[in-house]
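Sequence lines, in order, name chains A and B. Quick note on the working numbering: the first sequence kicks off at 1 and runs consecutively. Quick note on the working numbering: the second sequence kicks off at 116 and runs consecutively.
The set of hints was computed from the structure by calculation and includes no laboratory data. The model shown is predicted, which means the values in this text are computed figures rather than measured ones. The beta carbon of each residue, even a glycine, is placed where N, CA and C say it ideally should be. Worth double-checking, as some hints may not be accurate.
Said to hold, decoys possible - Each computed EDC-like pair below joins lysine to aspartate or glutamate, with the alpha-carbon atoms no more than 20 Å apart:
{"id": "1", "chain 1": "A", "residue 1": "Lys71", "chain 2": "A", "residue 2": "Asp1"}
{"id": "2", "chain 1": "B", "residue 1": "Lys126", "chain 2": "A", "residue 2": "Glu42"}
{"id": "3", "chain 1": "A", "residue 1": "Lys5", "chain 2": "B", "residue 2": "Glu159"}
{"id": "4", "chain 1": "A", "residue 1": "Lys107", "chain 2": "B", "residue 2": "Glu159"}
Said to hold, decoys possible - Pair by pair, the computed Cβ-Cβ distance ranges are:
{"id": "5", "chain 1": "A", "residue 1": "Met29", "chain 2": "B", "residue 2": "Gln215", "range": "15 to 23 Å"}
{"id": "6", "chain 1": "B", "residue 1": "Pro176", "chain 2": "A", "residue 2": "Tyr39", "range": "23 to 31 Å"}
{"id": "7", "chain 1": "A", "residue 1": "Leu110", "chain 2": "B", "residue 2": "Leu228", "range": "26 to 34 Å"}
{"id": "8", "chain 1": "A", "residue 1": "Ile18", "chain 2": "B", "residue 2": "Glu198", "range": "40 to 48 Å"}
{"id": "9", "chain 1": "A", "residue 1": "Tyr39", "chain 2": "B", "residue 2": "Pro169", "range": "26 to 34 Å"}
{"id": "10", "chain 1": "A", "residue 1": "Asn67", "chain 2": "B", "residue 2": "Thr128", "range": "40 to 48 Å"}
{"id": "11", "chain 1": "B", "residue 1": "Glu183", "chain 2": "A", "residue 2": "Ile18", "range": "39 to 47 Å"}
{"id": "12", "chain 1": "A", "residue 1": "Tyr39", "chain 2": "B", "residue 2": "Thr188", "range": "22 to 30 Å"}
{"id": "13", "chain 1": "A", "residue 1": "Met29", "chain 2": "B", "residue 2": "Gly143", "range": "23 to 31 Å"}
{"id": "14", "chain 1": "B", "residue 1": "Leu228", "chain 2": "A", "residue 2": "Ser52", "range": "42 to 50 Å"}
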Amino acid sequence: DQQVKQNSPSLSVQEGRISILNCDYTNSMFDYFLWYKKYPAEGPTFLISISSIKDKNEDGRFTVFLNKSAKHLSLHIVPSQPGDSAVYFCAASFLSGGSNYKLTFGKGTLLTVNP
Amino acid sequence: DARVTQTPRHKVTEMGQEVTMRCQPILGHNTVFWYRQTMMQGLELLAYFRNRAPLDDSGMPKDRFSAEMPDATLATLKIQPSEPRDSAVYFCASGLVQGQPQHFGDGTRLSIL
Chain A
1 DQQVKQNSPS
11 LSVQEGRISI
21 LNCDYTNSMF
31 DYFLWYKKYP
41 AEGPTFLISI
51 SSIKDKNEDG
61 RFTVFLNKSA
71 KHLSLHIVPS
81 QPGDSAVYFC
91 AASFLSGGSN
101 YKLTFGKGTL
111 LTVNP
Chain B
116 DARVTQTPRH
126 KVTEMGQEVT
136 MRCQPILGHN
146 TVFWYRQTMM
156 QGLELLAYFR
166 NRAPLDDSGM
176 PKDRFSAEMP
186 DATLATLKIQ
196 PSEPRDSAVY
206 FCASGLVQGQ
216 PQHFGDGTRL
226 SIL
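Whole structure, please, built from the sequences with the hints as guidance.
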């Protein structure tokens with residue numbers, strides 16, 4: 001039972017254009033969401049997060065949108081740069097879940113930004 | 116920047132051998148996580164500790180895997196005996212409080228022949 005799903009294994013965009021990465025979740029108890037970026041042979045690096053009390057969080061070129069009714073979040077990268085080429089993981093957790101610190105990850109989307 | 120340090124980075128060994136992976140969390144972080152990444156399953160949580168006490172190891176095969184935190188600067192993940200299906204990249208991550216992101220090490224790439 002995959003609780004966090006990234007249905008697009010890969011995405012290719014042109015430099016300077018917008019990249020939109022999508023993530024769906026099934027557990028309505030999740031209330032904290034994160035995006036991680038991963039380069040080959042390195043560990044995932046935290047990118048941006050959002051709690052369920054918000055529907056948008058922005059950090060520079062990166063914006064995460066949360067649609068709780070649809071159980072959907074998306075990561076927008078504008079403008080996309082070749083250095084953004086990496087695997088992007090969506091993750092979800094329970095901020096209000098007492099001592100539950102678990103992150104549940106999607107399987108990732110490989111983003112390729114072409115010069 | 117403070118980093119989570121994992122050793123070894125690569126390990127190749129034969130089936131049946133004991134494997135020990137080590138992790139040094141970021142100084143001051145009180146929560147340590149072990150993940151396994153495979154092509155089929157993606158990133159799976161194996162176990163995690165808070166203040167060196169195990170909180171959840173339900174993701175870990177109990178018969179052959181064990182995780183410990185001998186002290187606040189060292190977490191270990193052991194596999195004994197190892198099997199080819201254990202081949203994967205094992206990541207350690209550390210964090211401070213709930214609601215703050217976990218920080219990952221660069222992983223141990225394990226190959227069991």
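Evaluated hints:
no.: 1; hint: A:Lys71 - A:Asp1; result: holds (16 Å)
no.: 2; hint: B:Lys126 - A:Glu42; result: holds (16 Å)
no.: 3; hint: A:Lys5 - B:Glu159; result: holds (13 Å)
no.: 4; hint: A:Lys107 - B:Glu159; result: holds (10 Å)
no.: 5; hint: A:Met29 - B:Gln215: 15 to 23 Å; result: holds (19 Å)
no.: 6; hint: B:Pro176 - A:Tyr39: 23 to 31 Å; result: holds (29 Å)
no.: 7; hint: A:Leu110 - B:Leu228: 26 to 34 Å; result: holds (28 Å)
no.: 8; hint: A:Ile18 - B:Glu198: 40 to 48 Å; result: holds (45 Å)
no.: 9; hint: A:Tyr39 - B:Pro169: 26 to 34 Å; result: holds (31 Å)
no.: 10; hint: A:Asn67 - B:Thr128: 40 to 48 Å; result: holds (46 Å)
no.: 11; hint: B:Glu183 - A:Ile18: 39 to 47 Å; result: holds (46 Å)
no.: 12; hint: A:Tyr39 - B:Thr188: 22 to 30 Å; result: holds (26 Å)
no.: 13; hint: A:Met29 - B:Gly143: 23 to 31 Å; result: holds (29 Å)
no.: 14; hint: B:Leu228 - A:Ser52: 42 to 50 Å; result: holds (46 Å)
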